[in-house]
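**Q** Since the structure of chain F is already known, use the hints to place chains E and R on it.
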Amino acid sequence: MEDIIISVLQRTMIAGTPLLLATVGEIICERSGILNLGVEGVMSIGAVVAFIVTFLTGQPWLGVAAAIVAGMIISLVHAFASITLQANQVVSGLALTMLGLGLSGMLGKPYIGKPLAIKMNSFAVPFLADIPYLGKIFFDQSPFFFLAIILALVAWFFLERTQFGIKVRSTGENPTATETHGVNVSLIKYTCVLIGGGFSALAGAHLSISYSKSWIEGMTAGRGWIAIALTIFALWNPGKAIFASFLFGGIFVLQYLLQPLGISPNFLAMLPYATTLIVLLIISFKDPKKLNAPAKLGEPYKRGER
Amino acid sequence: MRKIKNLEMKNISKSFQGIFANKNLNLSIKSGEILGLLGENGAGKTTLMNILYGLYQPDSGEIRINDKKIKINSPLASIEHGIGMVHQHFMLIQNHSVIENIALGYKDTPFFFPKIKIKEKVLDFSEKFNFPVNLSKKVWQLSAGEQQRIEIIKALLNGADLLILDEPTSVLTSQEAKELFSILNDMKKQGHMIIFISHKLDEIMDICDRVMVLRKGEIIGSAETDKTDKKSLARMMIGKEVIFNIKKEKIPKGEKVLNVDNINAFDDKGLPALKNISFSIHENEIFGIAGVAGNGQKELAEAITGIRRISSGKVTIKGKDITNISPRKIFDKGVSHVPEERIKFGIAPGLFLYDNAILKQHHLDKYSKKSFLQYDKIKAHTKALIDKFNVSAPSINTEIRNLSGGNIQKLILGREISEEPSLLVASHPTYGLDVGATQYLREQLLERRKLGGAILLFSEDLDEIFELCDKIAIIFEGKFTGIMDADDKRLSDIGLMMAGSLEYV
Amino acid sequence: MYRLKVTNRDNITKTRSFMTNVFSLGAGLVAIGILFAINKVNPFFAISEIFANSFGTMYGIKETITKAIPLILIGTGLTFAFRAKFWNIGAEGQMLMGAIFGSWTALTFGEFLPGFIIIPMMFIAGFIGGGIWGIIPAILKIKYSINEVISTLMLNYICAEFITMLIVGPWKGAERFGFPGTNDLPGSAVLNVIPGSRIHYVTLIITILFASILCVVVYKTKFGYEVRVVGENPDAGKYAGINFFRTTLMVMVISGGAAGLAGVGEIAGIHHYLGHPASISSGYGFTAIIVAWLAKLNPLYTIISGLFFAGILVGGDAIQISLGLPAATVQIVNGMLLVFLIMGDFFLKNRIRIQ
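The listed protein sequences correspond, in order, to chains F, E and R.
For the record, in the first sequence the residue sitting at position 155 is 155 according to the numbering used here, with numbers rising by one throughout.
For the record, in the second sequence the residue sitting at position 245 is 551 according to the numbering used here, with numbers rising by one throughout.
For the record, in the third sequence the residue sitting at position 48 is 859 according to the numbering used here, with numbers rising by one throughout.
For reference, chain F alone in the conformation it holds in the complex (with noise of 0.2 Å):
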């Protein structure tokens, strides 16, 4: 029994990490004011490529570097088509997520099949691994994992506690009274797309080099569009993404727990989605307002009169 608990609770860390990553992500792009709807396309690509790389230099962490490179620049156009050309940005996003999962597919195609020799190992912090329980939990994991919840943290300094953050919140809030202190809106949005974009490849990252080590187109399997949503439950908030992220962690584990007791794999499998919704709806009552989103989130940006 224990056992079972143990290992439900380990691959619920492990199917938060993607989550997380891809969810801070965005949370940090939406906060700037833009809307992404591409991060199942860039999580794609960060996929391929990681695993590309890796496969052909038998080096993971250059696969990663090469996978969160790729993921900025497959971003750019869609920060290019909503700050520059102010587009509609839900019609850039749906274009970013096609052309990153098809860029994906083609790139892949002659990967398939094709397991790493060197994959990513999990890492075991020492000491702390070896507490009862908790040490097998949450000190044995991937790097993923502990790089997710680091970089949740940073994420969360970063927005709020420097000038940086005040300035990217700003940003997302009040485009125009921002600009009037002088600070380069654009550029702040153009940052925060791409930063958003490295983070959404590093989730594709840890899919194919860290949990399931091979590529097959597909593999992000609607997780980026989950991101999209936890960035609302986590309302903006880096921090509260750990919680969110890893609660839809638990739900997509929790499919295969209660399978052998005979409830439909279909109706379990429906679980993260609907929970998404009915937690939407809770949010919608308390918070009415919803006074968490950035004020001017998917409003494109016009410069004043300079």
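Treat each hint with caution, since some may be false.
Said to hold, decoys possible - List of simulated lysine-lysine pairs, BS3-like, C-alpha gap at most 30 Å:
id	chain 1	residue 1	chain 2	residue 2
1	E	K581	F	K240
2	E	K639	R	K1033
3	E	K675	R	K851
4	E	K689	R	K1033
5	F	K240	R	K1033
6	R	K954	E	K624
7	F	K114	R	K896
8	E	K413	F	K296
9	E	K484	E	K377
10	R	K1031	E	K676
11	E	K650	R	K1049
12	E	K689	E	K676
13	E	K635	R	K1049
14	R	K896	E	K676
15	E	K639	E	K626
16	R	K1049	E	K683
17	F	K296	R	K1031
18	E	K777	E	K756
19	F	K296	E	K425
20	E	K329	E	K522
21	R	K954	F	K286
22	E	K336	E	K581
23	E	K777	F	K296
24	E	K785	E	K522
25	E	K554	E	K635
26	R	K983	E	K675
27	E	K537	E	K581
28	E	K443	F	K286
29	F	K109	R	K1049
30	R	K954	E	K685
31	E	K683	R	K954
32	E	K575	E	K556
33	R	K825	E	K675
34	R	K954	E	K575
35	E	K495	E	K374
36	R	K954	E	K650
37	R	K851	E	K676
38	E	K624	F	K240
Rather than coming from a laboratory, the hints here were simulated on the basis of the structure.
**A** Then chains E and R, alone, in the frame of chain F:
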């Protein structure tokens, strides 16, 4: 050691799309002085100050500080030189705390832990000038006066010697205004200089040492406040001895159409915008409301046309109660409205001209049969409209946003007038129109009046008010400071009534 | 120092609009060609093969029309939703829900009723199913301010799982082995096809009718007018007395319903049983978004853009096999074209000058 001992703006000119906002303006101010800029809306005061603050570049002219010529390319440059500005519409992030807003605006905020690190400095300042600030409260929780103080602190923190205040009391209660003035006097004693933009005569006389009067982009006059009086300033501001030049024929009034009984309403910020307003309008009558924009005109128009909630009081059209019913129902009762913000509320920009020509009327039988719009009738109507109202458009098949602002206004006005409404509410109908269109529109209003219509006219153009109206009310801070027939001799004091210094009630 | 000055263009003619679209698509194809070249595929050959396969042979044309049916039908419904600025990403789910309702009707009553009764029933049921699935996010947005992009998306997944649940559970066909699914639909519930093709012409007729009727609604009725005004400028809508809530609800019923009809078409016309969701919707709901966007939100133009994208689907499938390109190729093509369409939009609306 003050950065600015004296500042001059010499021969500043600025025009937008061919129209002068500022024409050869000269201004000077020195340490320890409060200079007032007086004028109606559109006189050019805000433009001049935006130039000083680096938001606009002048077409010609120069700025000198301490007798040295300088260039101000951006707000940051302006701040560097020691100039700070408190805009009429605050540049604050509503959802953020006070300290975060200040940190955003302060140029030397440290990167890490900005809120904690500048806390000391901010508290120092607030003590020095004796106004308390609650640093962790969110901006939206603060009153207007408190929000304004944040703006002032921001400016002072950045080392502003010269502080520009644009209509600072427009959102304050009288108590808050008093507090503001005492802060300003403190600052004055410490050697700061202040430019105080306002249209309120009482305040100018109260707080300013000197005043400059602007009208239509030019300086009409300047004076020291203890050597002049309100009447002279009012005359300079409006620019005329009021001449009674009524060209319209006298027509006996008909039945009562509109009756407004003691209504009260709030503005978007939740402050009282209309205070016990009562008046009535009859057939064959044009009732004008004069006043500087921002004194409740918008809210009054919206209350009567159903867009804004009336919190107490009653409005009736031909005896039928229309208080707080839906805009469409009010429209069906015969009330038409030409809105103040024409482009924002009056048109659907991407749709064609003929689509816009029936924006409010599309559900009427004459334009739609069952569910279908009758485009042949609509297009005919549109063609008639653009002919009659001289709307210059390539064809009725262009998107309306391609028309110039003036032509859009003409279309909207034509659309509303052509319905032959019982009551036409016209908010600043000729604002921004060329001379020919203005003349034509005024003739149309008089024509409507002759045919039995009742018209409620809001205007800042006194020429227009006197030319068209049978009865005039002057509105100031949500109340009528005067309501009288158009040939009443007391209207020579209209400037004072508009500026809140006099009440005939 | 050169500076770019961007100003709003003040006259956008239909010709310019059309030409910009053509150029954007052309530029997109060039970019795709470059991608092909990088992958050691001859770009000219590949692209011409796509169109040769989809429009160059009788078989190709028939397949293209077959695939165009759902794209046009869903796309035309989407133009309506997008005009009201309601970002309906849930057409996949709405389509599937329509398929569910339609299948249920067929399986329950199909044995006892002749074709000319059961088939209209199926379509009506499908419209209702899609409409319900469409109205849910509308209510969520209006009453609870829930972003429609997320809600429609989540509903996609929920519906897909729901179908799977049905076809492996209570609706499992007794004669099914291997692939999960319901029984075959009774004969009367199956749509006839044009001989020698897979074109289920009843749906085709419905599609063209729907697109035409919707075009009339959009441009010639009071309701369509109100939708256009509300989408353009909600403030003006308020001023004009238009009921924003009611308008949005109606729009989503229609958009969802259209997708539902498409779902019925696929089931009754092509598959003849309710099977795995991926095989029914195969991304039509997403591709239809581009179809709608390319049609510049004109319901009737979706016929053309729908045929175009169907051609890419068919041709893309063909070269995937013959040139060994991955299945994702079509996605790339779609994504690229959409990106270039967005960029083209910008040049259409703004004039760039170098100063």
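**Q** For each hint, tell me whether it holds in the structure or not.
**A** Verification of the supplied hints:
For the proposed pair K581/E and K240/F, the alpha carbon gap of about 47 Å is over 30 Å, so the pair is violated. A C-alpha spacing of about 20 Å is found between K639/E and K1033/R, which places the hinted pair at or below 30 Å, so the restraint holds. Of the pairs offered as hints, the one joining K675/E and K851/R is violated, with about 62 Å between alpha carbons and a cut-off of 30 Å exceeded. With a C-alpha separation of about 20 Å, the suggested pair K689/E and K1033/R falls inside the 30 Å cut-off, and the hint holds.
At roughly 47 Å between alpha-carbon atoms, K240/F and K1033/R are farther apart than 30 Å, so this suggested pair is violated. Between K954/R and K624/E the CA atoms are separated by roughly 37 Å; this puts the pair beyond 30 Å, and the hint is violated. Of the pairs offered as hints, the one joining K114/F and K896/R is violated, with about 45 Å between alpha carbons and a cut-off of 30 Å exceeded. Taken as a hint, the K413/E and K296/F pair is honoured in the structure, with Cα atoms around 24 Å apart against an allowance of 30 Å.
Straight-line distance between C-alpha atoms of K484/E and K377/E comes to about 35 Å, which puts the hinted pair past the 30 Å bound. Between the alpha carbons of K1031/R and K676/E the distance comes to roughly 12 Å, so the proposed pair stays at or under 30 Å and holds. For the hint linking K650/E to K1049/R, the alpha-carbon distance of about 11 Å falls within 30 Å, and the restraint holds. Note on K689/E and K676/E: the hinted pairing holds, with a Cα-Cα distance of about 23 Å set against a maximum of 30 Å.
The straight-line distance between the Cα atoms of K635/E and K1049/R is roughly 13 Å, inside the 30 Å bound, and the hint therefore holds. Among the hinted pairs, K896/R with K676/E is consistent with the structure: their alpha-carbon atoms are about 26 Å apart, no more than 30 Å. Between the alpha carbons of K639/E and K626/E the distance comes to roughly 9 Å, so the proposed pair stays at or under 30 Å and holds. A threshold of 30 Å between alpha carbons decides the hint, and for K1049/R with K683/E the separation of about 24 Å falls inside it, so the pair holds.
Simply put, K296/F and K1031/R have alpha-carbon atoms about 35 Å apart, too far for the 30 Å limit, and the pair is violated. At most 30 Å may separate the alpha-carbon atoms for a hinted pair to count; K777/E and K756/E meet this at roughly 15 Å. Annotation: proposed proximity of K296/F to K425/E holds, straight-line Cα distance about 28 Å (limit 30 Å). For the hint linking K329/E to K522/E, the alpha-carbon distance of about 9 Å falls within 30 Å, and the restraint holds.
For the suggested pair K954/R and K286/F, the alpha carbons sit about 13 Å apart, so the restraint of at most 30 Å is met. Proximity of K336/E to K581/E is assessed by CA-CA distance (about 40 Å); at most 30 Å being required, the pair is judged violated. For the proposed pair K777/E and K296/F, the alpha carbon gap of about 45 Å is over 30 Å, so the pair is violated. Restraint check for K785/E and K522/E: the C-alpha separation of about 27 Å stays at or below 30 Å, so the hint holds.
This hinted pair does not check out: K554/E and K635/E have alpha carbons roughly 33 Å apart, beyond 30 Å. For the suggested pair K983/R and K675/E, the alpha carbons sit about 51 Å apart, so the restraint of at most 30 Å is broken. Only pairs whose Cα atoms come within 30 Å are accepted, and K537/E paired with K581/E is accepted, the gap being roughly 26 Å. Taking the CA atoms of K443/E and K286/F, the gap is near 21 Å; set against the 30 Å cutoff, the hint holds.
The suggested pairing of K109/F with K1049/R is violated, with an alpha-carbon distance near 53 Å, which exceeds 30 Å. For the proposed pair K954/R and K685/E, the alpha carbon gap of about 38 Å is over 30 Å, so the pair is violated. Using a Cα cut-off of 30 Å, the hinted pair K683/E and K954/R is violated, with the two alpha carbons roughly 38 Å apart. About 42 Å separates the Cα atoms of K575/E and K556/E, which puts this hinted pair outside 30 Å; it is violated.
With a C-alpha separation of about 29 Å, the suggested pair K825/R and K675/E falls inside the 30 Å cut-off, and the hint holds. Straight-line distance between C-alpha atoms of K954/R and K575/E comes to about 24 Å, which keeps the hinted pair within the 30 Å bound. Taken as a hint, the K495/E and K374/E pair is honoured in the structure, with Cα atoms around 25 Å apart against an allowance of 30 Å. With a C-alpha separation of about 25 Å, the suggested pair K954/R and K650/E falls inside the 30 Å cut-off, and the hint holds.
Distance hint between K851/R and K676/E is unfulfilled; the C-alpha atoms sit about 61 Å from each other, more than 30 Å. Note on K624/E and K240/F: the hinted pairing is violated, with a Cα-Cα distance of about 59 Å set against a maximum of 30 Å.
Checked against the numbered hints given earlier, the structure breaks hints 1, 3, 5, 6, 7, 9, 17, 22, 23, 25, 26, 29, 30, 31, 32, 37 and 38 and satisfies all the rest.
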